[in-house]
Amino acid sequence: MNSKMRLMSKIESLLFVSGDDGLTKKQLAFLTESTEQEISETLETMMQAYVQQEDRGIEIKQLAGTFQFVTKQTNVKSIQKLVENPTAQSLSQASLEVLAIIAYKQPITRIEIEDIRGVKSERPIYTLAAKGLVQEVGRAEGTGRAILYGTTTEFLQYFGLKNIKALPPLPEEVEGDEMEDADLFMTKFQEAFGNQE
Amino acid sequence: MNSKMRLMSKIESLLFVSGDDGLTKKQLAFLTESTEQEISETLETMMQAYVQQEDRGIEIKQLAGTFQFVTKQTNVKSIQKLVENPTAQSLSQASLEVLAIIAYKQPITRIEIEDIRGVKSERPIYTLAAKGLVQEVGRAEGTGRAILYGTTTEFLQYFGLKNIKALPPLPEEVEGDEMEDADLFMTKFQEAFGNQE
Amino acid sequence: MSYEVKVEAFEGPLDLLLHLINRLEIDIYDIKMAEITTQYMEHIHAMKVLELNEASEYLVMAATLLSIKSKMLLPIHHGEEMEDDFDIQMDDPRDELVSRLIEYKKYKEAATSLQEMEEERGLFYTRPPADLSGYHETQQLAMFEHDVNVFDMLGAFQKMLRRKQLNAPLHTRISKQEVSIKEQMKHVITTLKQGGGKMSFYALFPTRDKMTIVTTFLSLLELIKRQIVQVEQKDNFDELFVLLRKGDTESEFEDEIDE
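Chains as they are written, first to last, in the numbering used here: chain A, 27 to 223; chain B, 27 to 223; chain C, 1046 to 1304.
Just so you know, not all the hints are guaranteed correct.
Stated by the list, open to error - Below, a list of computed lysine to any residue pairs in the SDA-like style, where the Cα atoms sit at most 25 Å apart:
(1) K52/B - N111/A
(2) K107/B - E67/A
(3) K1151/C - K107/B
(4) K107/A - N28/B
(5) K191/A - K1151/C
(6) K103/A - E64/B
(7) K103/B - S66/A
(8) K51/B - R82/A
(9) K30/B - S66/A
(10) K1151/C - K1238/C
(11) K1151/C - I190/B
(12) K51/A - V1195/C
(13) K87/B - Y76/A
(14) K1150/C - K51/B
(15) K98/A - E80/B
(16) K188/A - R136/B
(17) K107/B - R171/A
(18) K103/A - G91/A
What the hints assert, rightly or not - One-sided excerpt, in silico: chain A residues whose CB lies under 7 Å from chain B:
(19) S35
(20) E38
(21) T58
(22) D81
(23) I84
(24) T97
(25) N101
(26) I105
(27) K107
(28) Y152
(29) A156
(30) I190
(31) L193
Stated by the list, open to error - Partial list, derived from the structure: chain C residues whose beta carbon lies under 7 Å from chain B:
(32) A1054
(33) M1117
(34) E1148
(35) R1166
In case anyone wonders, no lab produced these hints; they're calculated from the structure. Keep in mind it's a predicted model, so treat the numbers as computed, not measured. Note that beta-carbon positions come from the ideal geometry of N, C-alpha and C, so glycine has one too.
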């Protein structure tokens, strides 16, 4: 019994972090180190419990072989209200993400932006274009000739940048350890070379 | 009673969809059409219940000023199997030192940070800014108008802090104004050293 | 030298001094200057400090230690009266150093507790906000909360990277396209030509991407082996230059590389 509760707890954690992608029974079995049979039984119990317990606001839904959390239909009004009155934070986050991607990876297509973010990004792009921070800078080659986006002079002004090169480096590019490794590498190389001559 | 369960269900739905943005009590009250008092009480009940129920895999934490769902620590191993490079993110010693100085002394300039550490600190500051943990919060008065650095909301989120006051106190405060000492140090040293020659 | 010193072990001269004080079990308020100065000097020799970015900081500290040491020797050479005068009129020459060390130590300890918090925070996970675009009936204009700056943008990007950490391994991942050594050799030659046939070694490594650095390095070794380029350094610690051998045409390189 206790081990079943622990399994339920693990499944809840995993479904929670995996978000809209969900997880299959096979993946859950691998991640929790249990059998698919155990997963099936436990998921069954959990799915019923979530529906029955009135104080729960989420339930488990099976979609195309994956299991994921969704909010209960009864709370749709509260969520609708959240959508209509979004926290400033969440709005900024989406727009800023897209803006960062365009600024650093321009010229870039919508599809490429969505690949990086992992979510649809039509709306933030539209918003940023409406604010004059990004614009169409050309068309991609190949079929479809997708719109390529880039930043505007207005963007530079807004962020007080002299030019696009004045942008600070992206986090992945200044990863501390990598830089240290690189420095060490250079030092070692220099030593080796000094000796060789 | 039933209405309290309905409120709990709504809160669970709302916290679930808002993810790591989280929601404040005020926002929850507005979205669920209840009073902040009711939200406080209900959140209290929920926070205890999640911790106590062994079959739950998530709990509510106050992080960076909002209430958010987080996974339970007991399930960390299962989740890390799901996450790519779970430990890749840790900060270097240099970054941690600079971050500690900024966190406790903010707003502070680069020169002041370097005076305390005794070494150039441009690179760790850059890394921290790129990671969104520190940012420019203003300009110092006087010549040069040096950039003043401070911590961000992301800093709170990264270290699991409710707010900036939740930082542990600095190890015992030393008497006297150390910053002044540090500033004066170089001048005095140069004088003393100059005389000796 | 009694034991080996790791180059990366210290965060600067203050860190090194704290380490020595700790190891020699010296009272930080009563530092034995002769002992610590000797030890400090030995360490910076062992660390080949000249190769470090912080060379000047370490050297300035060495000068400071010597200066304090010599000041402390002064009163001994005078009579007892003078020593009394000294005590009354002047501060202990170590005072400034001590207060710097204590100040630094405070933040070093704070950094340790931040590290512990970082580890602890690694034990639980949040999730990104759900995609609620399905709920939208009309297109909505997202406005920024306040004046946002470049750092807000980077913060948002960072948050996204954290979010992307999840889910990754269970899906097929397209690995970064790796540049082959052959391609990189051609690239190096082109770069050298654009640079007039001679370039600083470091200029050939404009990237911080580890993979590219390693590939470039290996391609340079290959080019040296095939005597397509040569490397020049006038003195120890002087800048290193990479030279393209003269008189060869592009097609020759191409042929040689493609062999």
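Worksheet item: Where does the structure disagree with the numbered hints, that is, which hint numbers, in rising order?
Response: 3, 5, 9, 10, 12, 14, 17, 18, 28, 29, 30, 31, 32, 33
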